[in-house]
Amino acid sequence: MILNFLRATWLIWIKDLRVWLRQPLTMVVTIVPPLIFLMVQALGAEAVGRSPVALVNQDSGPQGAQIVQAIREANVFRLQEVDAAKAQALLKNLDVVAVVTIPAGFSQRLQARLGTTVDVTVNNLNLDFTNDIRRAVPDAITHYYLAQGDQSPVKISVNESDLRARDIEMFQYSVLPTLVLLLTVSGLISGGIATGREWESATVKELLLSPAPGGAIIAGKVLAGFTTSFGLGVVVLLVVYGMGWIYPEGIYWLNMLLIVGLVSLLGASLGVAIGAALRRIMPVIAVSINVALYLFFLSGGVGVLAFEPQWLQDIASFVPLTYGNHALSMALFYNSADLLGRDVLVLGLSSLAALVLGTLAVRRRSAG
Amino acid sequence: MMREIAYQLRVIWATARKDVRSALTDRLFTLLGLFVPANVLILMSLFVLAGSNAPTTMVMNDTGPYAQAFYQAMSQAHSFRLETATAEEAERRLAAGQAVAVVTIPPDFDSSLQQGRPVQVGVEINNLNTDFTNDIRRAIPLSITSFYAKVFPNLVSVTVNETDLYAHDTDYIPYLAVSILVIALMMGGMMQAGTTSAREWEQNTIKELLLSPASRTAIMLGKMLGAFLVGLGSTVIVLAVLILLVGVAPEYWLEVIGFTFLALLIFNTLGTLLGTLVRQRMPVIALTMGISLPLFFLSGAFGPISFSTPLLQAVAKIFPVYYQIVVLQHAFHGFSLNTLGLAGNTLVLAGFALALITLMALVLRRSTIGH
Amino acid sequence: MSQAKMPAVEMVHLVKRFGSFTAVDDLSLTVEPGEIFGLLGPNGSGKTTTVNMLSGLTSPTSGEVRVMGYDLRTHTRQVRQVLGAVHQETALYEELSAWVNLDFHADLFGVPRSEKKARIEQMLALVQLSDRKDSRVSTFSGGMKRRLALARALLHEPQLIYLDEPTLGVDVQSRRALWDYILGLRRQGKTVFITTNYLEEAQALCSRIAIIDHGRLVALDTPEDLKQNFGGNVVEIETALPFEALVELQALAGVQQVEQDGLALKVATRAGDRVVPQIINLVAQCCEIRNIMVREPNLDEVFLRLTGTALRD
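Protein chains in written order, with our numbering: chain A, 7 to 374; chain B, 1095 to 1465; chain C, 143 to 455.
One should not assume that every hint holds.
[Said to hold, decoys possible] Pairs of lysine-lysine residues, derived as DSSO-like cross-links and limited to a Cα-Cα distance of at most 27 Å, are as follows:
| # | chain 1 | residue 1 | chain 2 | residue 2 |
| --- | --- | --- | --- | --- |
| 1 | B | LYS1301 | C | LYS259 |
| 2 | C | LYS275 | C | LYS258 |
| 3 | A | LYS98 | B | LYS1301 |
| 4 | A | LYS21 | A | LYS211 |
| 5 | B | LYS1301 | C | LYS275 |
No wet-lab data here; the hints were simulated from the structure.
With the rest of the complex left out, here is chain A (with noise of 0.2 Å):
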């Protein structure tokens, strides 16, 4: 019996297989835009936290010259430096999100002990620019009070440690978002469209009919779906590794390669229960579509969890990719193992449970 399951388990897993390889146009396009998400990332990334800023010096004397000189260094900001007139039109043309400008005077000022100002005038339309220019102006401010030393009035230092060796990149760090979602397309809308179609195009006599098991044939249709999205994941991570945007070292190799697996076995699973309970085409691509960008946006979807309010957290505990998530980006990211074994658990068990739904679904009733 356990033979005749594997067996058909088998020819299932071989004959989807050899269907989806017929379909280049869906792998293709379900490869690509990933790929072209992360391309888009990394031609932006010399923008990030970086904005275009015009610095108009209209002061002459030495203080002057060492406030411009610390705004250039302490590289916040893509400046430009220009006259006022300029700086205005740059500013009116949306070139730049603000004109910080070292008034006349400002050298007399501050050696009379006067306080003295850096005027920054901030196209406020956005408060993510905004707020960025508000933080890196101070920034600036206290590189010039830093080079001072110890005639500094500013006494405050800041002891920097960061918790990994190098700056992990906004485009790099979209490598896990990214992943997630195209094993969460792949496994969740081709998989259930894939196991849809076979009831739509009456297919599915062919396989009801035959002495496979109810559970072979899902178990056949998830592995199939499984081989395609990890084989997609895999694809993603040798190219980006192939770019050294990701490091992961020795051994979290084979963790990361575990919970890509995990994740593209879970979108399979769900992908193929929702196809067998539904039986139609369009209604699976309306609920797995949802189910795939609920699934993929209360995991974190493209920002960090511990960002999001604590309510959104605790709804993300519910949530199984939130695990799988976890995992990738402790492989990823951090080179650890923590908590592996809870996530893995989890999504273990959440494609177990998709599994049997999908394999009562099948059993519910004869085909038609």
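Got chain A sorted already, so can you dock chains B and C onto it with the hints?
Relative to chain A, chains B and C alone:
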């Protein structure tokens, strides 16, 4: 001539009616499809709910007035979501990913400052990505200068004098939600139109259309009209969510209505084109979902594209999503995000619509059945 | 040429290539108005490609197609107006009702609004689906779908009706009913172009049959003339003992093929040959003849001789 026009109009209406009827027979698909844009809006807004406030744990080894003032300065730096904890708890939270930074106020903070001695504040950062990391790195100096401006105004004589172009800040979510609206409309419109179009090919009913004496342009316009009518429902829902739930009130109502309809038209055409080209539903869906995220990041969702790199600026301008975001930001917030002006952006979008319709007509005209 | 004498369909040196593969190779044929014309061929012979070119769903690589005198390339719309098509896969909107399918077709083909309702009712009555007019097509049997597809094709009163495998997968009763409709179309003066894999259907319906193989026209004639010209008599003999002189039998001039199944012998002869008496003499020499029958070949056998394959391979 009049008879001919009447006939073609009849074909357009009949095709649209047929598609709407088909959509209504598939209630689950239609119902769920109605909520896809709204779901995208809600879910993506959740992602930006916390804005850029980094969850940070403060270890207050000194609780004197200067330390408290520094804590206050940090909490007002628009960058932190602060909690206090012991050193061990702080490390645990950092390791577990529940906090992204630990700021440690040393025990001699107050006394050092009173005596004019240097003092170091420890900042341990989970440098997970540079965007968040740099926000923290800069927010600390902001906190320092704010602290000094309040506590030692005579010592630190260089301060920032800020002038804003707009009377008030637009919060993170109201701004971003409008950008997300465009993506939501794109996903919903392309999905609906694309799958309807692809299904004709998958199920071979396209033969009925291709063998009729009706012009293919009329058939195409009929399909677009049908998708538009079905898409109206989801558009109303997503606008209701944005205005009533997220709380983003439009500044120019007519612009909101007009540009939303234009968005629907463009994305429906794009979906119909995609469905006709690929002729299968699965790639249509995979592509629609797959390109949404890149286009969201590419098209100036977070702010004017002119603030980005020159290359990204050039790429963004190829896609209608960018212009849609510009016009809808104007409609909701009154912002001008590029120098084309409202009329210029509208013209560009109309150009996109016309180009897509023309391309669609060409593709359909050349469509044949291979054997 | 007057409308009355003009051929319904003219295919002139029609060629269709897909890359390096030639699906239709220099095909020329004419269909007269008012006839039921059959196009037969084994799988992969180019039948469907030919009819796709006839209907304009595929463009020819070279050659011409004229329908009711209209050149398909320059008068596509007029051709579509005079053509009614019933596809093999019916191409019905399964999620919609029978009535809605016909209503949509009527609008698409410009059936006058004042006549639309009456015509739909008439067509539904013709194909005996009036009581199911509001049912979803997905609930119909295969035969019902074909009948509905036929009703749809006739709705705009076309002059040429093309039927692709009209009774494929249909039960015997429905098949007979469909044959009656098709014959009725001829009585109405319409021209019918059928592709079929069923020889008995071709024999029952078609005034002329064209056989294509590997994209080329192999034969074109009435069923009777095809049998006459491409098939000689078939001699079926039952013997008392197994006949053993098969080689000698095969060697007789005029014998095309010999098949033996136990005590039953089937000998196909070439057309025009008077070899039958020699066959009977040779068999009688070897063993007692229990039963003997001489008959004309059927179309299956003609087809086999012309193409080397059975029609339903």
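Evaluation of the provided hints:
1. B:LYS1301 with C:LYS259: Since the Cα atoms of LYS1301 of chain B and LYS259 of chain C sit roughly 24 Å apart, the hinted pair holds (cutoff 27 Å).
2. C:LYS275 with C:LYS258: Measuring from Cα to Cα gives roughly 15 Å; hence the hint holds.
3. A:LYS98 with B:LYS1301: Measuring from Cα to Cα gives roughly 55 Å; hence the hint is violated.
4. A:LYS21 with A:LYS211: holds, 15 Å
5. B:LYS1301 with C:LYS275: holds, 22 Å
Checked against the numbered hints above, the structure breaks only hint 3 and satisfies the rest.
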